[in-house]
Amino acid sequence: MQDFWYKARLYGTVGAVFFLPYEQKKQIERKIRGKEELRKLKEADWVLVSWAKSGRTWLRVMLSHYYQQQFQIPQQHLLDFDNFKRMNPHAPSVFFTHGNYLKDYTGNKTSKIDFYSKKVVLLIRDPRDVAVSQFFQWKFRMSPRKKALNEYPAHGSDISIFDFVMNNECGLPKVIDYFNGWLNDKGNMNDLLIVRYEDMRSKTETALSTILDFTETSGTTQQIRDTVEFAAFQNLKKHESQQTIKNNLGRLGEKQKGNPDSSKVRRAKVGGYKDYFDAQQIQSIDELMRERLSPELGYH
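The numbering of the sequence shown is my numbering, which starts it at 4 and goes up by one.
Rather than coming from a laboratory, the hints here were simulated on the basis of the structure. Each hint can be trusted.
Restraint-style ranges between C-beta atoms, simulated for each label pair:
id	residue 1	residue 2	range
1	Gly301	Lys112	24 to 30 Å
2	Ser160	Gly110	29 to 35 Å
3	Pro24	Pro298	41 to 47 Å
4	Gln30	Gln225	47 to 53 Å
5	Glu172	Gly275	22 to 28 Å
6	Gly110	Arg293	32 to 38 Å
Quick list of in silico lysine-lysine cross-link-like pairs, DSSO-like style, CA-CA up to 27 Å:
id	residue 1	residue 2
7	Lys150	Lys177
8	Lys106	Lys28
9	Lys142	Lys277
10	Lys149	Lys177
Source: prediction; values computed, not measured. For each residue, glycine too, the CB sits at the ideal point set by N, CA and C.
I would like the entire structure built from these sequences, with the hints used as guidance.
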């Protein structure tokens with residue numbers, strides 16, 4: 004019900020300011036979205052933070068399946084903030100966020116102070132793979148309105164994948180700054196767990212168990228094993244194509260029928276960015292990583 008009224012207020016306000024200059028309208032909408040993010044942040048039992056295309060949907064599917072077993076919740080919907088808690092008060096409310104809009108409302112743009120008192124899982128991934136996946140998200144899945152709201156290249160822009168990845172406003176430099184920003188402020192966090200996507204791929208049961216222990220929702224080994232099997236890449240592709248997971252969030256499925264690059268679950272390949280560039284381009288991308296990304300994250 005709260006989501007309904009939030010969307011009603013959002014679209015009502017956007018409609019009311021229709022005749023204002025676009026930049027002014029955009030800032031108003033971002034603040035409204037940021038206010039809603041702050042409400043969810045305060046009410047959440049724990050928070051999952053990530054940059055887009057870092058494996059969050061895969062982890063969301065695993066958490067959904069695990070909590071469905073743990074709290075006897077019907078397998079119908081993906082975990083979406085407090086929807087499981089409304090079915091079973093013992094289930095946690097989990098706020099999934101990229102942090103896109105919160106800072107526009109709170110004004111805390113240079114620190115993570117809004118998160119200091121929360122239990123936070125930060126999901127990271129090799130920024131080179133993230134930037135490439137984000138290109139396909141932008142090209143095939145992102146709406147024109149969302150592109151404008153988040154300052155991506157305009158809808159229909161003729162931009163190569165290399166130019167997109169090297170773009171300071173949407174590509175690799177921005178992803179690196181995002182991860183570095185969290186790392187620089189981690190000393191001020193009360194409870195922060197950093198999870199690498201690559202570790203989830205190589206040791207999925209261990210990574211999931213670590214997350215569940217950290218969020219104080221740990222269960223049995225068999226439940227974790229069943230969850231990992233359910234959300235394995237090939238099974239997840241099957242769930243996506245056959246819509247066996249109810250798509251209430253619009254997160255799964257091809258945006259363009261017959262185009263695998265328009266899928267939400269695309270390749271899940273570690274180091275797959277190299278498949279899209281020549282040797283000189285890869286050298287430029289890797290040099291940018293070495294120069295700007297903190298070695299503490301383990302991608303050098």
